[in-house]
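Below, each chain spelled out in residue letters.
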Amino acid sequence: MDNELTALTTIFTEFYYWITVVLMFLIHVGFCMYEVGASRYKHHQHTLMKNTMLIPLVTVTFFLFGWWIYWALPNGPGLATSIMPDVGSGLILGGGFGANEIANPTNALMAVNLGDHFYGVFWAAFLLFSWTAASIVSGAVIERITTFAFGICAIAIGSVFWTIDAAWGWHFDGWMLKILGYHDAYASGVIHAVAGGFALGILIVLGPRIGKFSSSGEPRNIGPRNPWLVAIGLFLIFTGFWGFYAACNIPIFNLGPEYGMEGVTYWTATNIYVTPTTLGGITMNFLMSLSGGFLAGYLISKGDPFWTYSSGLAGIICSSAGNDLYHPIQALVIAMVGVVVAYKMHYWVERKFKIDDAVGAVAVHGYAGFAGLIICGFVLWGYPSSGYNVPEIGNGMWDGTNYALINPLGMFIGALIMFFVLGMFPGWVIAKILHGMGKLRIPREVELAGLDYEILEAAKDDEKAVSSSASR
Amino acid sequence: MTVTNWIEHLSAAEVQGSIFPGAGSIESLLVLLGFVLWIGWHIIAAKQESSKLAKLAKRRHGPNDWKSNVTDGQ
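Those protein sequence lines, which keep their order, are chains A and B. Mapping of the first sequence onto the numbering used here: residues 1 to 472, in sequence order. Mapping of the second sequence onto the numbering used here: residues 473 to 546, in sequence order.
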């Protein structure tokens with residue numbers, strides 16, 4: 001940096017992402033509180049420990065290979081042509097698979113580097129997205145999964161499958177943009193639908209908590225044991241979600257030279273696809289979709305607190321795919337639709353397939369995210385999925401050398417890829433393997449006694465010892 | 473209005489700032505829809521609440537009955 005303006009822009013961008021990372025930490029704090037609030041007293045500490053340990057497990061694996069996957073696989077490999085030049089410096093990637101230098105953990109660039117101020121904070125922001133993906137799964141499986149099995153699942157979704165889907169559909173060079181016209185600005189699909197689908201795949205194999213269904217198969221409600229903790233947890237998730245929205249943007253970027261427009265200078269904030277939006281506009285849409293979620297959730301659940309709070313989140317998730325471009329009232333209405341879909345689907349799937357989703361994670365993240373992608377395909381039909389190169393006439397779908405326009409069919413296929421191909425199917429396979437090894441579920445006796453039994457027993461003994469010595 | 477090409481959009485002599493779907497023609501309709509949803513929400517929510525409160529009032533619970541409904545956390 002040899003002049004003040006470049007230095008200011010660089011340090012501002014670095015600091016901007018740094019702040020988003022700190023804000024997004026609140027998502028994890030919120031998930032921890034929310035899950036503990038939803039679990040029963042005898043499982044509290046295990047529930048918290050499980051979600052805490054995903055932090056180091058996903059962080060280490062994301063350093064080793066998760067970040068590499070994101071930068072290596074945008075084009076499949078082999079599904080589309082990269083727009084990124086191979087300059088051989090290692091700072092800009094070449095042809096995709098196998099050519100990645102900036103995210104190669106054996107490379108000196110993956111450390112403090114005075115020549116680059118951005119990739120460290122990008123890495124951290126994406127890592128926080130990875131925690132979120134794993135944390136979504138964590139809530140669905142509480143009170144009966146082993147910590148070992150959850151750790152494997154957390155790494156699989158946090159450092160492998162979500163990063164594959166991000167490379168494919170959440171990268172300016174992603175093949176899903178080029179071939180399908182996929183658009184998912186704030187991750188309805190690439191984080192929420194994939195994690196919801198992954199959780200559903202595990203739940204199919206894991207089975208319900210003891211007592212969740214009657215002998216005739218009627219579902220029973222095991223409601224949150226600490227509604228305060230659930231409420232505060234969700235409000236922290238909303239707060240962290242703001243950081244997430246900001247982290248999905250590039251705060252200041254000159255699109256003129258970036259798009260090869262001669263003599264044009266156009267400074268703006270952009271979304272993750274490097275197409276223009278504004279931080280102000282997305283904040284309006286965030287708040288309107290949160291409100292739409294609350295309004296619809298309150299009505300459809302008849303004022304049930306757990307579902308009303310969760311619906312605020314489901315509303316944001318449903319609108320997120322297009323919240324970079326929607327009008328605020330469009331965002332509000334889409335959020336309301338998403339909540340109705342999520343709520344109805346949750347109880348239908350629970351009753352029909354005997355799925356015990358303890359916190360409604362599959363519904364709030366999976367179904368709402370899936371619905372959001374499909375709706376986005378209709379509302380943003382005809383918008384370009386990228387600014388780099390758009391077809392002259394009509395839609396470049398299936399071509400792969402150009403960028404397709406956003407369209408309903410492409411978005412529907414994209415939703416299927418997110419929820420089923422990269423979410424539910426891998427989750428089911430991994431859970432099957434863990435189940436086959438006898439490592440997936442805790443013993444029935446432990447589930448009945450409570451995962452915290454020994455901790456509680458030891459605490460009681462400690463207390464007795466302390467009080468007896470105090471009375472001497 | 474639908475943006476179909478970002479390069480053309482940003483190259484215009486005066487860049488059109490509104491980029492949401494239907495910009496320039498749909499705003500009034502959206503605001504009207506917003507009003508309908510807002511008022512409609514109050515009507516439905518008030519009906520739901522009244523029916524819930526009436527049902528509870530009919531049972532004539534005592535002031536301490538709620539204590540037997542507190543779960544033990546198991």
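Since the hints were made in silico from the structure, they are not lab data. Yeah, the Cβ is synthetic: ideal placement off N, Cα and C, and Gly gets one too. Be a bit skeptical, because a hint or two may be false.
Quick look at which bits of chain B chain A covers, simulated, 3 or more residues with Cβ under 8 Å [as the list claims (entries may be wrong)]:
no., stretch
1, 513-524
2, 530-543
Cross-link-like lysine-lysine pairs, in silico, PhoX-like; alpha carbons within 20 Å at most [as the list claims (entries may be wrong)]:
no., chain 1, residue 1, chain 2, residue 2
3, B, Lys524, A, Lys302
4, A, Lys352, A, Lys42
5, B, Lys530, B, Lys519
6, A, Lys212, A, Lys352
7, A, Lys344, A, Lys460
8, A, Lys302, A, Lys354
9, A, Lys344, A, Lys354
10, B, Lys519, A, Lys302
11, A, Lys432, A, Lys354
12, B, Lys530, A, Lys302
13, B, Lys539, A, Lys302
14, A, Lys42, A, Lys212
Ranges between beta-carbon positions, derived for each pair [stated by the list, open to error]:
no., chain 1, residue 1, chain 2, residue 2, range
15, B, Gln520, A, Ser214, 23 to 29 Å
16, B, Ala526, A, Phe15, 55 to 61 Å
17, B, Glu480, A, Asn221, 41 to 47 Å
18, A, Ser301, B, Asp537, 47 to 53 Å
19, A, Ser301, B, Ser483, 21 to 27 Å
20, A, Phe425, B, Leu502, 19 to 25 Å
21, B, Gly496, A, Phe235, 34 to 40 Å
22, B, Gly506, A, Ser301, 18 to 24 Å
23, B, Lys519, A, His117, 35 to 41 Å
24, A, Ser214, B, Ser522, 47 to 53 Å
25, A, Ile83, B, Lys519, 51 to 57 Å
26, A, Phe148, B, Gly494, 50 to 56 Å
27, B, Ser500, A, Pro77, 32 to 38 Å
28, A, Phe118, B, Lys519, 30 to 36 Å
When the hints from earlier in the document are held up against this structure, which numbers fail?
-> Of the numbered hints given earlier, those the structure breaks are 2, 4, 7, 8, 13, 17, 18, 19, 20, 23, 24, 27 and 28, listed in rising order.
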